[in-house]
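K.L.:
Sequences listed follow chains V and G, in order.
According to numbering that gives the first Met the number 0, the residues represented by the first sequence are 0 to 203, in order.
According to numbering that gives the first Met the number 0, the residues represented by the second sequence are 0 to 203, in order.
FYI, nobody ran anything at the bench for these hints, they're computed from the structure.
Don't take every hint at face value.
Not everything, but these chain V residues come out facing chain G in the computed CB check (under 10 angstroms) [what the hints assert, rightly or not]:
#1 L32
#2 K34
#3 Q37
#4 E64
#5 A83
#6 A97
#7 H106
#8 Y113
#9 T115
Stretch-level coverage of chain G by chain V, calculated; a stretch enters the list once three of its residues show a Cβ under 8 angstroms from a Cβ in chain V [stated by the list, open to error]:
#10 69–77
#11 112–121
The C-beta atom is built at its ideal place from N, Cα and C for all residues, glycine as well.
One letter stands for each residue in the lines below.
There are 2 protein chains.
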Amino acid sequence: MLALYYAPGACSMAAHIVLEESGEPYEPRRMDLAKGDQRAEAYLKIHPLGRVPALILDGGEPLIENTAILPYLGKRFGLWPTEALAEARALSRVGFLATNVHPAHAHISRPERYATDASHFPDIQAQGRTTFHTLLKQIDGMLAGREWLSDRYSVLDPYAFTFYVWGIRRELPMGELKHYTAHRDRMLARPAVQRVVADEQVKA
Amino acid sequence: MLALYYAPGACSMAAHIVLEESGEPYEPRRMDLAKGDQRAEAYLKIHPLGRVPALILDGGEPLIENTAILPYLGKRFGLWPTEALAEARALSRVGFLATNVHPAHAHISRPERYATDASHFPDIQAQGRTTFHTLLKQIDGMLAGREWLSDRYSVLDPYAFTFYVWGIRRELPMGELKHYTAHRDRMLARPAVQRVVADEQVKA
Numbered sequence: 000m001l002a003l004y005y006a007p008g009a010c011s012m013a014a015h016i017v018l019e020e021s022g023e024p025y026e027p028r029r030m031d032l033a034k035g036d037q038r039a040e041a042y043l044k045i046h047p048l049g050r051v052p053a054l055i056l057d058g059g060e061p062l063i064e065n066t067a068i069l070p071y072l073g074k075r076f077g078l079w080p081t082e083a084l085a086e087a088r089a090l091s092r093v094g095f096l097a098t099n100v101h102p103a104h105a106h107i108s109r110p111e112r113y114a115t116d117a118s119h120f121p122d123i124q125a126q127g128r129t130t131f132h133t134l135l136k137q138i139d140g141m142l143a144g145r146e147w148l149s150d151r152y153s154v155l156d157p158y159a160f161t162f163y164v165w166g167i168r169r170e171l172p173m174g175e176l177k178h179y180t181a182h183r184d185r186m187l188a189r190p191a192v193q194r195v196v197a198d199e200q201v202k203a
Numbered sequence: 000m001l002a003l004y005y006a007p008g009a010c011s012m013a014a015h016i017v018l019e020e021s022g023e024p025y026e027p028r029r030m031d032l033a034k035g036d037q038r039a040e041a042y043l044k045i046h047p048l049g050r051v052p053a054l055i056l057d058g059g060e061p062l063i064e065n066t067a068i069l070p071y072l073g074k075r076f077g078l079w080p081t082e083a084l085a086e087a088r089a090l091s092r093v094g095f096l097a098t099n100v101h102p103a104h105a106h107i108s109r110p111e112r113y114a115t116d117a118s119h120f121p122d123i124q125a126q127g128r129t130t131f132h133t134l135l136k137q138i139d140g141m142l143a144g145r146e147w148l149s150d151r152y153s154v155l156d157p158y159a160f161t162f163y164v165w166g167i168r169r170e171l172p173m174g175e176l177k178h179y180t181a182h183r184d185r186m187l188a189r190p191a192v193q194r195v196v197a198d199e200q201v202k203a
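Next comes chain V alone, as it looks inside the complex (with noise of 0.2 angstroms):
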């Protein structure tokens, strides 16, 4: 059985909500990240970055990053393009999602990270909340006259419903974007990420 380490509105909601998805029995083990949970040496041995999400495989065997987890259970549920061309495109938009968009939101939330003065953390924060809002207009782009990211529904949309909660989080003007808008309510009718939505007491 795969177990899935999460904290409650971390990237780990994708995975979190694709295992909800999958009608797979899994077991859910919650991280306390204000409480310091994803430091303690036990789980820096599972992921030595501290960070969740952590998918345990059924040999026990840890996967981590997101962009190497949700392919894996998209292949094993069904939720990711198998010809070789449609995977390529699918792994280019979880590299972009993983490299761009969600680090330019950690400058927002962790600017501990990126410098030592923390009278520059504004700043960083500042610039990071521009390149984030700059990027989630890019996923509106990509969503234009299509209801899913790829052909049909897949661990991508899960993902970039992540980051359009984080978008709401920050206070973006997030109704402006009317086609990532539109795919938030897609993903809310679904039952798998109301559960999801519901347990992580995530505002969507």
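Starting from the known structure of chain V, arrange chain G on it as the hints suggest.
P.N.:
Same frame as chain V, but now just chain G:
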């Protein structure tokens, strides 16, 4: 025929090496980032963020993000694991390099992405340097007791080699990283790597 947009010494070096290894003809399209080639209107249609690499597929479609380009090339040229679990591990490593190691270095080379006040740049660069060095030590640990990052030579190795070169560029004490330095030596013994190092004129 594939075409690769690359810039000397940039993270496109990984894909460049893989294409050289392949023996398949391809079209190298060299970009001059100092001249702003990456911000040309035509290029922004290929890569909206104005970055390298971009791989142009046989049908003319562009593929961006190393998290997609490297697995795509790896599958095409037999430099990628085929078994599901081994593939997940490889994607995790690509993700670690793309979402942690690369952005840490960007704080050294491109502080203007992360703050607007230039007086904050030295702090951001110093912190980026510390984080980058810490992550290179993690790569060193991953290479302990093994020849290559995966069970055999794969697209992960040119990617890790690229960050070794960046460590030299930043004058980090790379020689202290024994496993990573031995990996660099193995890379430099490969004719394809030698050709790319000569073409891109990097210190390795």
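K.L.:
Now look at each hint and say whether the structure bears it out.
P.N.:
Each hint tested on the structure:
{"no.": "1", "hint": "L32", "in the structure": "18 angstroms, violated"}
{"no.": "2", "hint": "K34", "in the structure": "24 angstroms, violated"}
{"no.": "3", "hint": "Q37", "in the structure": "15 angstroms, violated"}
{"no.": "4", "hint": "E64", "in the structure": "3 angstroms, holds"}
{"no.": "5", "hint": "A83", "in the structure": "7 angstroms, holds"}
{"no.": "6", "hint": "A97", "in the structure": "5 angstroms, holds"}
{"no.": "7", "hint": "H106", "in the structure": "6 angstroms, holds"}
{"no.": "8", "hint": "Y113", "in the structure": "6 angstroms, holds"}
{"no.": "9", "hint": "T115", "in the structure": "6 angstroms, holds"}
{"no.": "10", "hint": "69–77", "in the structure": "holds (count 3)"}
{"no.": "11", "hint": "112–121", "in the structure": "holds (count 6)"}
In this structure, the hints that do not hold are numbers 1, 2 and 3, in rising order.
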